[in-house]
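Enquirer: Fit chain B to the given chain A structure using the hints.
There are 2 protein chains.
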Amino acid sequence: MTNPKDTIHDLRAILFDVFGTVVDWRSSVAREVTAAAARYDLSVDAEALADRWRALYQPAMSRVRAGNTPFVVLDVLHRQNLDQVLEEFSLGSLSESEKEALNHAWHRLDPWPDSVAGLERLKQHYMIGTLSNGNIALIANMAKYARLPWDVILGAEIARAYKPQPQAYLGSAAALSLQPQQCMLVAAHNSDLKAALDCGFRTAFVERPFEHGPGQSTDLVASGHYDFIASDFVDLATQLKC
Amino acid sequence: MTNPKDTIHDLRAILFDVFGTVVDWRSSVAREVTAAAARYDLSVDAEALADRWRALYQPAMSRVRAGNTPFVVLDVLHRQNLDQVLEEFSLGSLSESEKEALNHAWHRLDPWPDSVAGLERLKQHYMIGTLSNGNIALIANMAKYARLPWDVILGAEIARAYKPQPQAYLGSAAALSLQPQQCMLVAAHNSDLKAALDCGFRTAFVERPFEHGPGQSTDLVASGHYDFIASDFVDLATQLKC
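If you read the sequences in order, they're chains A and B. Each residue of the first sequence is one higher than the last, beginning at 341 in my numbering. Each residue of the second sequence is one higher than the last, beginning at 341 in my numbering.
For reference, chain A alone in the conformation it holds in the complex (with noise of 0.2 angstroms):
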C-alpha cells in the first residue's frame, strides 16, 4: 500500500485534465445550444446535441493521432464537428456567426461547484496547470471566464499531440523541465490516468458521477493504482494537506 508521505515525495506539478474534471462541459454546452436555437425559434434536446458533438470529439482526434490528417487544434476540430451535429439537430440553418460563437461554447464552461476553492488551495503549494487537449485559446479563454487560476497552460498544443498520447504527457513535464515523477496527473477519466501512468506520472482519480448526466454509466469508480482517489478538489487539496 502507497505511503502518501512517500507518493507526494518532490512531487511539483499537479496537472489536470479539464473537460469534465474541471469544468462542466455537459450543462454549459447545452444552455447556450438552447440559447442559440431559441433565437432562430427553433426547439432542441439541448442536452442530446452536448452529447452527440462530444461523441464525436476522439473520432476527430483519431484522425490526428493516425497521422491521417496533420495536427489541428481542438477549435477546428469542435467546428468541423460542430458542423455535422448541427445538420442532424436540423440547426444547420444557424448564421456563421451564430456557429462561430456556439463553437466557443466551449471557452465558456463553468466549473464544478469544487473546482475553484481546492484549486486555490493546492495552487499554494504546487504548480498547477493544464493538461487537455484544449488548445491554448480555448483554455486561456476558459480560466478567464470561470476563474480557474492556472499557473501554466500546457497538453496538447504544447506537444503537438493528443491524449492519450504519450508524447502529450512527456511533452507536458518536459515544458515544465520536470521528470514524470514529478508531475500528477488529476483526472475524471481512468483511460487517461491509466496513458498518464504508463508514463510514469503520479494520478490522482477524482470523481465527476454526473459528467454525463444523472444516467452516467463510465467512470464512476477507479479502476486503477492511482496515488489518491479524491471525492473533488478540496478532498483532494485535504489528502495532499494543502
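It is worth saying that the hints were derived from the structure and are not from the lab. Values in this document were obtained by computation on a predicted structure and should not be read as measured data. Take the hints with a grain of salt, since some may be wrong.
Note: identical chains are not told apart, hence a pair may lie in one copy or across any two.
In silico lysine to any residue, SDA-like type, Cα no more than 20 angstroms apart, as pairs [what the hints assert, rightly or not]: (1) K463 / P489; (2) K439 / S517; (3) K463 / T578; (4) K463 / R448; (5) K484 / D450; (6) K484 / F411; (7) K484 / D454; (8) K463 / Y485; (9) K484 / L518; (10) K484 / D350; (11) K484 / A514; (12) K581 / Q521; (13) K463 / R487; (14) K439 / R379; (15) K581 / Q424; (16) K463 / C582; (17) K463 / I569; (18) K484 / Q519; (19) K484 / E460; (20) K484 / C582; (21) K439 / D385; (22) K484 / R448; (23) K534 / P549; (24) K463 / Q521; (25) K484 / Q522; (26) K484 / R461; (27) K484 / S517.
Expert: Relative to chain A, chain B alone:
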C-alpha cells in the same frame, strides 16, 4: 495623434516582455552569483558577471535565428553562456550542481516594485501574458517565485522562434486565436516594440532606466510611435483605465 479610446478598441490581450520589463534581472542574478562565489570563498564582480552573461544572450539567440543551430530553449542557451562566463571570471571550479542552480537564477528574478500591482489591475480587464524569449519552465517558475499573475505563457517556446523574429509575435497572437491588432506588447526596449509594431501589434513603452544599472545609456526614452508611453505598470494601468 492617436486617441487612446480608438487605440484600445478591441484590444484583448496585453503581452509582456519579461527580462528588464517585468523583472530586474541584473540585481537578481548578481545576488545569486555573489552567494555562489561566497560558498567557494571566492570574490567576484557580480554585476559585471551578470552584464557579461546577459551580453552573450543576443549572440546565442542569433545563432538559432540564423538557423545555424536548431531551436533550443533559453535555459540551454543560458547554460552554454554561463559555462563561458564562469571561465572568464575564474569561477570554472564551481560544481556541476552549483552551476545548474546558478543557471536557474533566471527562474528567480525579482519584479520591479510596481509590476505585480500593475499586472493585477490590467488582469481585471484584459488577458495578460508573457511574450518573452524565456522558456515555459523559466517563466512559470519565475511567476511562482515573484507572484506574477499571468493568464497565459506565450513567446519563444510556443512559437519556436526568438524575438525579434516575426513568428515570435505572430505565433503568440495565433495561440490566443487573436489578430495582431488585438494584442499589445509592453516592453522597455525599443527594438522589441518596433518588431512588434511591424507585426501589427499595439505597443506600450515602459521606462526602466535602471535595468542596466545606474549608468544605463540605452532605452532611456521611447524612440518610436507607440500607443502608450508609461513610467511603470501602475501608470500603464491608469492610462488604460484599469
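Enquirer: Each of the hints needs a verdict: does it hold here or not?
Expert: Hints and how they fare:
no., hint, result
1, K463 / P489, "both (8 angstroms within a copy, 12 angstroms between copies)"
2, K439 / S517, "between (39 angstroms within a copy, 16 angstroms between copies)"
3, K463 / T578, "within (13 angstroms within a copy, 29 angstroms between copies)"
4, K463 / R448, "between (22 angstroms within a copy, 18 angstroms between copies)"
5, K484 / D450, "within (11 angstroms within a copy, 26 angstroms between copies)"
6, K484 / F411, "neither (26 angstroms within a copy, 31 angstroms between copies)"
7, K484 / D454, "within (17 angstroms within a copy, 23 angstroms between copies)"
8, K463 / Y485, "both (19 angstroms within a copy, 12 angstroms between copies)"
9, K484 / L518, "between (27 angstroms within a copy, 15 angstroms between copies)"
10, K484 / D350, "between (30 angstroms within a copy, 17 angstroms between copies)"
11, K484 / A514, "between (26 angstroms within a copy, 18 angstroms between copies)"
12, K581 / Q521, "within (19 angstroms within a copy, 45 angstroms between copies)"
13, K463 / R487, "both (13 angstroms within a copy, 11 angstroms between copies)"
14, K439 / R379, "within (12 angstroms within a copy, 63 angstroms between copies)"
15, K581 / Q424, "neither (46 angstroms within a copy, 43 angstroms between copies)"
16, K463 / C582, "within (9 angstroms within a copy, 26 angstroms between copies)"
17, K463 / I569, "within (19 angstroms within a copy, 34 angstroms between copies)"
18, K484 / Q519, "between (29 angstroms within a copy, 19 angstroms between copies)"
19, K484 / E460, "both (15 angstroms within a copy, 13 angstroms between copies)"
20, K484 / C582, "between (24 angstroms within a copy, 16 angstroms between copies)"
21, K439 / D385, "within (17 angstroms within a copy, 62 angstroms between copies)"
22, K484 / R448, "within (9 angstroms within a copy, 26 angstroms between copies)"
23, K534 / P549, "within (19 angstroms within a copy, 52 angstroms between copies)"
24, K463 / Q521, "within (18 angstroms within a copy, 33 angstroms between copies)"
25, K484 / Q522, "between (27 angstroms within a copy, 17 angstroms between copies)"
26, K484 / R461, "both (18 angstroms within a copy, 14 angstroms between copies)"
27, K484 / S517, "between (26 angstroms within a copy, 15 angstroms between copies)"
Checked against the numbered hints listed earlier, the structure breaks hints 6, 15; every other hint is satisfied.
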